[in-house]
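**Student:** Going down the list, the protein sequences come from chains A and B.
Position 317 of the first sequence, counted from 1, bears residue number 911 in the numbering used here, the numbering being contiguous throughout.
Position 92 of the second sequence, counted from 1, bears residue number 398 in the numbering used here, the numbering being contiguous throughout.
Please note: incorrect hints may appear among the correct ones.
Unchecked claim - Over the 12 Å line for every Cβ pair with chain A, so calculated as not near, a few chain B residues:
1) VAL353
2) GLN357
3) ALA374
4) SER376
5) SER393
6) LYS397
7) PRO406
8) GLU465
Claimed, not checked - To spell it out: a stretch of chain B is covered by chain A in this simulated footprint if at least three of its residues, at any positions, have a beta carbon under 8 Å from a beta carbon of chain A; those stretches are:
9) 366-373
10) 450-457
Because the hints were derived from the structure by calculation, they are not lab data.
Cβ coordinates follow ideal geometry from the N, Cα and C atoms, glycine included.
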Amino acid sequence: MNVDRITAIYATKMNKMVPRILLIPACGVLLLAAACGGSSSSPNITKTNPVSNVLAITVNAGPAGNYANGAFASVTVCAPSTTTCQTIDGILVDTGSSGLRILSSALTAALPAQKAADGNPVVECLPFISGYTWGPVQTADVELGGEKASSVPIQVVSQTDYPVPTNCADFGTSESTLSGLGANGILGVGNFAQDCGDACVATGSSNPGLYYECPASGCVVTGESLAQQVVNPVALFSTDNNGVLIELPAASGPETSLSGSLIFGIGTQSNNALGAAKVYPVDEYGNFVTTFNSQTYNQSFIDSGSNGLFFLGTGTTGLPACADADYFYCPSTTQTFSATNSGPTGTPSAAVSFSVANADNLFNDNPNATVLGQLAGPNSLGFDWGLPFFYGRNIFTAIEGSSTPGGTGPYWAY
Amino acid sequence: MKVPPGIERSFFSSICTPRRTRFWAAVLFATLIILIVPAFAGLGEDVSSIQGDQVHMQGSLRITQAQAYSLHEIQAPTGTIVREYVSASGKVFGVAWQGPWPPDMRQILANYFGQFEQAAQVQVSSHAGRRPLFISEPGFVIETSGHMRSFAGRAYIPEMVPQGVSAESIR
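Okay, chain A solo, but in the shape it has when bound (with noise of 0.2 Å):
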């Protein structure tokens, strides 16, 4: 148990063995008679001596040896409602995805299987970029920094434990291992609150096939709760559970690594107020729309867990590909670039400055760097802003049907 846990714990008896006498002077004092008033306990109270909603993370080379542009933070998972607890570092924090997903190679801590109504354990197919992972659904309390969410289901990612289903190989190369994945796992964070939502609940052709119940005879596809599918464990905390704060400082330059905080909740804590910053609503696909050179991109969206910034093609922008990496950019000089984020409706919008650097330089030059800020990428359906736009800059991803200071989500804002 940590001493900010320690802190809360402390500081919550402590609120309740206040004489109610006492708080009466507090009230004078604040001003703010309205607040205090009535039977109820104020909520500033509680406001004041929070849990600790900072889960710390670090841009570095994660547990595969060779990230770049990767935010890693450390997960404990306990068998629920137990002291059986392991905690695993080199989980990538994902705002692109929904659930935390861990290796089986990682997982030491036995969890529970969860089971389909027949008895049969409930294992996953869940479609990335370009592949997938799978993996059964275990059932886990999960604590972030000083937050904790009981009974989540994650997904124990391998490649080995139930055999792919055809239908499950054929999104593409499996990243169920630590080389296919680069971490020991994934924590989504991202606008959704279940990976899958309301499409997998029914079985039948509209479901997309993610949720499978495995006998020996094999695995087929089911159909899956809301409440029994992988979450955001965020949205399972009893607070802070609107959303996520990402702060990480600017990057001067290629570096080693780069410290910074998941903030859990929004408008909840002092740590996390929205301020000044502009709440961009994404549509039901959890996109908005980047506008370059007079052209509206409406698949665009914003993701710590990509590795860069990752736009368009050579020819709409004039950036050569790298000649041994074609995936990269690789302009003779750095070229600095202005687009224009708004939401769905074209409100708010705000311009965004962003340089693209010589990437074959980027790693050559700067062999043990992993904080390249200005490695990019084509991405013709548009922009993906990735991991070095949340250099130096706090962003806030909202979950969907939350309410926040900034309305209801699923936003983000910055």
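Following the hints, position chain B against chain A.
**Tutor:** The following block gives chain B in isolation, referenced to the frame of chain A:
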């Protein structure tokens, strides 16, 4: 021609055991499936293969004619849309997709699926990191992008793109 009774009996007994019956039924069924759904559908294949993709996706098909190609758009009940671009010679030279989930990549990439898998693996091992996929090899280009609940991409065979058609129009 009269078949000796002994031979007739052994012939029928050999194909009419329950096990053999199941075998021949399976062969017949597989043949029917092959007739209905071409074994190879999607990129690089004949226009006739698109019907197989449609059956596989349980989707609805809409065909529109452009000047140099026809566009076959399949809308799946999952919300994912696959567009197949067919040249005047009847070959699928490009495919594009968009939706909350990716389509069956093996189905729409057909014989190029293996190349897609292999190139994606090579890319991850040479530069670790999660990002949109961009693969440009002789004879095969594929780009994928998006995130959970939003996937899009396109693939095409540069040599097969009709003259005057920009690869950018495959989307």
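**Student:** Now tell me, hint by hint, if it's right for this structure.
**Tutor:** Hint-by-hint comparison with the structure:
| no. | hint | in the structure |
| --- | --- | --- |
| 1 | VAL353 | 22 Å, holds |
| 2 | GLN357 | 17 Å, holds |
| 3 | ALA374 | 19 Å, holds |
| 4 | SER376 | 22 Å, holds |
| 5 | SER393 | 21 Å, holds |
| 6 | LYS397 | 22 Å, holds |
| 7 | PRO406 | 6 Å, violated |
| 8 | GLU465 | 18 Å, holds |
| 9 | 366-373 | violated (count 0) |
| 10 | 450-457 | holds (count 8) |
In terms of the numbered hints stated before, the structure departs from hints 7, 9, listed from lowest to highest.
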